[in-house]
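A.B. asks: What follows is each chain in one-letter form.
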Amino acid sequence: MKPIHFVFLWLLASAAITGYILMSDVPSGAAGMAHESIAELKVGGDGAARLATIGRAPFYFQISTIFLGVSLLYMGVSEHRRDRRFRVLMAGGTVFALFVWYKLYTGYEAYLATGETDLVFGFPVPTAWLLGGVWGSFFVFDLMFVVFFRDYFWPAEDEAAFEALVAELKTKPKAGDA
Amino acid sequence: MEEMRQPIILGSVLVYLLVCILVGLWAMRRTKSAGDFFVAGRGLGPVIISMAVFSSTLSGFGFVGGPGLVYATGMTSIWMAVCSALGYATGFYLVSKRIRMVAEVRDTMSLPDVVFARYGSEAARLLTAGTILLGVLGYLATQILAMALVLQTLFAGTETFAHISLFACVIISTLVLVFYCVTGGIIASVYTDLVQGIVMIISGALVVYTAANVFDGGLAEVSTILLAQGGEDIMPFGTLGTMAALTWFFLFGLGLAGQPHLVTKMMMNRRISDNRIILPMTVLGYVVAAMLWLSVGIVMRALVLGDVGMPLASADQAAPAFLTSYAHPLLAGVVFAGLFAAIMSTADSFLNIGAAAIVHDIPKSLRGRSLGSELFWARVATVGLAAVAAAFALYSFYENGELVALLGAFGWGTFAAALVPVVMIGLNWKGATPRGAVAAISASLIINFTVELMQIKVPYGISAGFLAMLTSMILFIGISLMEREKKLPADIDRVMDL
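Going line by line, the protein sequences match chains W and Y.
Just so you know, we're using my numbering here: the first sequence kicks off at 257 and counts up by one.
Just so you know, we're using my numbering here: the second sequence kicks off at 4 and counts up by one.
No lab work stands behind these hints, which were simulated from the structure alone.
Heads up, the beta-carbon is just placed ideally off N, CA and C, and yes, glycines get one too.
Any given hint could be a false lead.
[To be verified] When the alpha-carbon atoms are kept at most 30 Å apart in a straight line, the in silico DSS-like pairs for lysine-lysine are as follows:
| # | chain 1 | residue 1 | chain 2 | residue 2 |
| --- | --- | --- | --- | --- |
| 1 | Y | 490 | Y | 433 |
| 2 | Y | 460 | W | 258 |
| 3 | Y | 433 | W | 359 |
| 4 | Y | 433 | W | 428 |
| 5 | Y | 490 | W | 258 |
| 6 | W | 426 | Y | 490 |
| 7 | W | 428 | Y | 460 |
| 8 | Y | 460 | W | 426 |
[Unchecked claim] Every beta carbon over 10 Å from chain W, so not counted as near; a handful from chain Y, in silico:
| # | residue |
| --- | --- |
| 9 | 16 |
| 10 | 46 |
| 11 | 86 |
| 12 | 169 |
| 13 | 230 |
| 14 | 252 |
| 15 | 382 |
| 16 | 431 |
| 17 | 445 |
[Said to hold, decoys possible] Pair ranges (Cβ atoms, derived):
| # | chain 1 | residue 1 | chain 2 | residue 2 | range |
| --- | --- | --- | --- | --- | --- |
| 18 | W | 265 | Y | 276 | 15 to 21 Å |
| 19 | Y | 33 | W | 292 | 32 to 38 Å |
| 20 | Y | 48 | W | 358 | 39 to 45 Å |
| 21 | W | 341 | Y | 216 | 44 to 50 Å |
| 22 | Y | 485 | W | 338 | 53 to 59 Å |
| 23 | W | 292 | Y | 274 | 56 to 62 Å |
| 24 | Y | 457 | W | 358 | 56 to 62 Å |
| 25 | Y | 48 | W | 424 | 25 to 31 Å |
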């Protein structure tokens with residue numbers, strides 16, 4: 257299977273989960289309720305009740321999104337540059353993103369079950385995972401871009417090949433009107 | 004110092020606006036051709052590009068709408084911001100290198116030019132230009148509305164202009180914006196982006212510090228107040244719930260690479276190797292500036308729910324009200340200038356790509372060549388576009404009562420759904436076909452506009468933009484997979500091999 261097939265697969269998975277959610281019964285206040293006295297403010301109500309009819313579908317939805325995102329990033333490196341180290345790096349980044357998501361979601365489920373949570377850096381634990389973890393887990397891929405830029409994204413040979421192409425085109429009529 | 008609050012704030016904003024106008028006049032002398040006006044002659048350095056990309060991403064949507072949305076709904080909208088690391092990764096892994104290469108080998112001036120070069124389809128070029136025009140109107144209206152709301156708050160504190168109307172503020176905002184965009188085109192836009200980006204980073208950092216000190220117990224006290232009031236708002240998915248948050252993450256994280264005002268800037272750098280510096284600077288600049296989004300929103304919510312502050316008349320007043328009441332006058336001055344910076348840095352990009360669609364792309368699709376005297380008509384189109392967007396902003400506010408952030412989310416969704424498959428995937432997959440591109444753009448526009456115009460509420464707060472983007476991506480790949488691979492022009496084929 258080529259990367260584009262994986263991308264297609266994860267898109268279909270996201271669509272299937274979304275379809276399941278849209279076809280389920282919608283509890284009242286599923287997308288929040290107006291505050292009883294303060295205009296423009298919304299409240300969340302009973303978080304567990306809001307998930308009663310769709311169960312863990314959001315958890316699986318985000319897993320699908322993480323795989324989709326990584327599959328797309330994988331496509332961004334030319335096929336002939338994707339060596340074993342690159343695959344290991346991408347797999348490692350994916351596992352980290354999944355771990356963060358697992359900690360966030362199970363932390364939220366624990367809060368829904370007990371109504372209690374600790375504070376870390378001034379925020380409830382699951383929210384701290386969101387603010388630092390979710391962003392950080394994808395920042396890993398940004399770091400890969402910087403560190404391995406000359407290995408995978410713009411190697412000297414590609415730069416030379418591109419310069420050769422530009423020089424060649426300058427001596428010829430243009431291939432087509434842009 | 005406190006009695007000087009209003010003069011200091013107004014003075015800071017006026018100095019900032021003056022700088023923008025001076026940059027416009029300076030850039031006018033450097034703008035000699037349509038190429039200079041639209042893509043700055045592809046000669047910009049990495050610092051300018053990174054500041055331009057991040058400041059254009061954040062916008063009035065993030066600096067005014069974002070805090071408003073957190074005030075109104077809690078943490079839900081933060082998913083739009085934490086996805087930035089993924090969003091920029093997709094932009095730089097998949098688009099930055101290829102779009103810059105296509106721009107050089109085909110001498111392109113706009114995103115529709117790139118789409119035409121990739122697919123060889125005038126229909127795809129026309130639809131891309133049409134999408135940009137439609138999205139620009141919505142998004143530009145967001146920026147103008149945000150700017151006018153901030154201006155109105157500022158004037159409200161003065162004796163002379165205390166009762167200035169929103170209409171007058173829209174006119175003033177539009178005039179300043181138009182002036183430096185018309186005079187200096189994209190050169191003025193990116194150099195003011197540099198100033199704006201720096202102001203936004205400083206503002207973001209200082210506001211977080213201020214917000215964390217509004218309550219004696221810092222952000223922990225904010226969280227405790229909100230947890231005592233139900234708690235869903237300070238938990239990771241906010242009051243709108245899991246699927247609203249996660250579909251926004253999808254739309255904003257994977258949709259960044261389809262934002263024409265951002266990817267167009269990836270065509271303007273001097274060297275492709277600069278991308279190695281541009282990406283981290285962009286991501287880190289964004290993160291620092293975006294802290295304003297979170298900190299102001301939750302503190303204002305805690306103040307109101309904790310019976311410390313008065314409820315706001317409009318959620319969009321969260322940032323201006325916080326600055327007027329809780330920030331040191333000097334800080335308020337800098338941050339108010341930062342608010343204007345955030346708004347104007349995006350608005351000028353939209354005026355630029357919208358003008359390119361009108362005078363360059365649409366005529367090229369329909370009659371095979373762009374308008375004569377392109378530079379002159381680009382300036383005329385910029386004025387016309389700003390006038391229409393200003394009217395749309397007033398209509399949205401008075402007739403629909405739409406929040407700045409939600410109007411912005413619609414604009415973002417329109418671009419993401421239509422252009423992500425065509426640009427982000429299409430530049431990395433030779434099997435993508437023109438028919439797939441046309442179907443994807445058409446379907447996304449139909450879904451987005453149907454849901455918006457008919458005001459359909461999707462269950463669980465699922466974003467309409469997400470539904471449109473998911474559909475368009477599936478259609479794009481599905482249709483392309485069913486078709487025979489089309490032979491690409493030799494230069495594009497070689498670019499896609501690198």
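A.B. asks: Holds or violated: 25 to 31 Å for the Cβ distance of residue 48 of chain Y and residue 424 of chain W?
C.D. replies: holds (27 Å)
A.B. asks: Given the hinted pair residue 460 of chain Y and residue 258 of chain W, is their alpha-carbon gap at most 30 Å?
C.D. replies: Violated, at roughly 37 Å.
A.B. asks: Do the Cβ positions of residue 457 of chain Y and residue 358 of chain W conform to the proposed distance bound of 56 to 62 Å?
C.D. replies: violated (38 Å)
A.B. asks: Going by Cβ atoms, does residue 252 of chain Y stay more than 10 Å from chain W at every point?
C.D. replies: Since the minimum Cβ distance to chain W is about 7 Å, residue 252 of chain Y lies within 10 Å and the statement is violated.
A.B. asks: Check the following: the C-beta atoms of residue 48 of chain Y and residue 358 of chain W are separated by a distance inside 39 to 45 Å.
C.D. replies: holds (42 Å)
A.B. asks: Holds or violated: is the Cβ of residue 86 of chain Y farther than 10 Å from all Cβ atoms of chain W?
C.D. replies: violated (8 Å)
A.B. asks: Quick one, are residue 433 of chain Y and residue 428 of chain W close enough, alpha carbons at most 30 Å?
C.D. replies: holds (24 Å)
A.B. asks: Per the hint of 44 to 50 Å, is the separation of the Cβ atoms of residue 341 of chain W and residue 216 of chain Y within bounds?
C.D. replies: holds (46 Å)
A.B. asks: May I ask you to check that residue 230 of chain Y keeps its beta-carbon over 10 Å from the closest beta-carbon of chain W?
C.D. replies: With a cut-off of 10 Å, residue 230 of chain Y comes too close to chain W, as the shortest Cβ separation is near 7 Å.
A.B. asks: Are all C-beta atoms of chain W more than 10 Å from that of residue 169 of chain Y?
C.D. replies: holds (17 Å)
A.B. asks: Going by Cβ atoms, does residue 445 of chain Y stay more than 10 Å from chain W at every point?
C.D. replies: Non-interface label on residue 445 of chain Y holds, nearest chain W Cβ at 18 Å vs cutoff 10 Å.
A.B. asks: Falls inside 15 to 21 Å, the C-beta gap from residue 265 of chain W to residue 276 of chain Y?
C.D. replies: Given range 15 to 21 Å: violated, Cβ gap about 34 Å.
The structure is inconsistent with the numbered hints 2, 3, 7, 8, 11, 13, 14, 16, 18, 19, 22, 24, although it conforms to all the rest.
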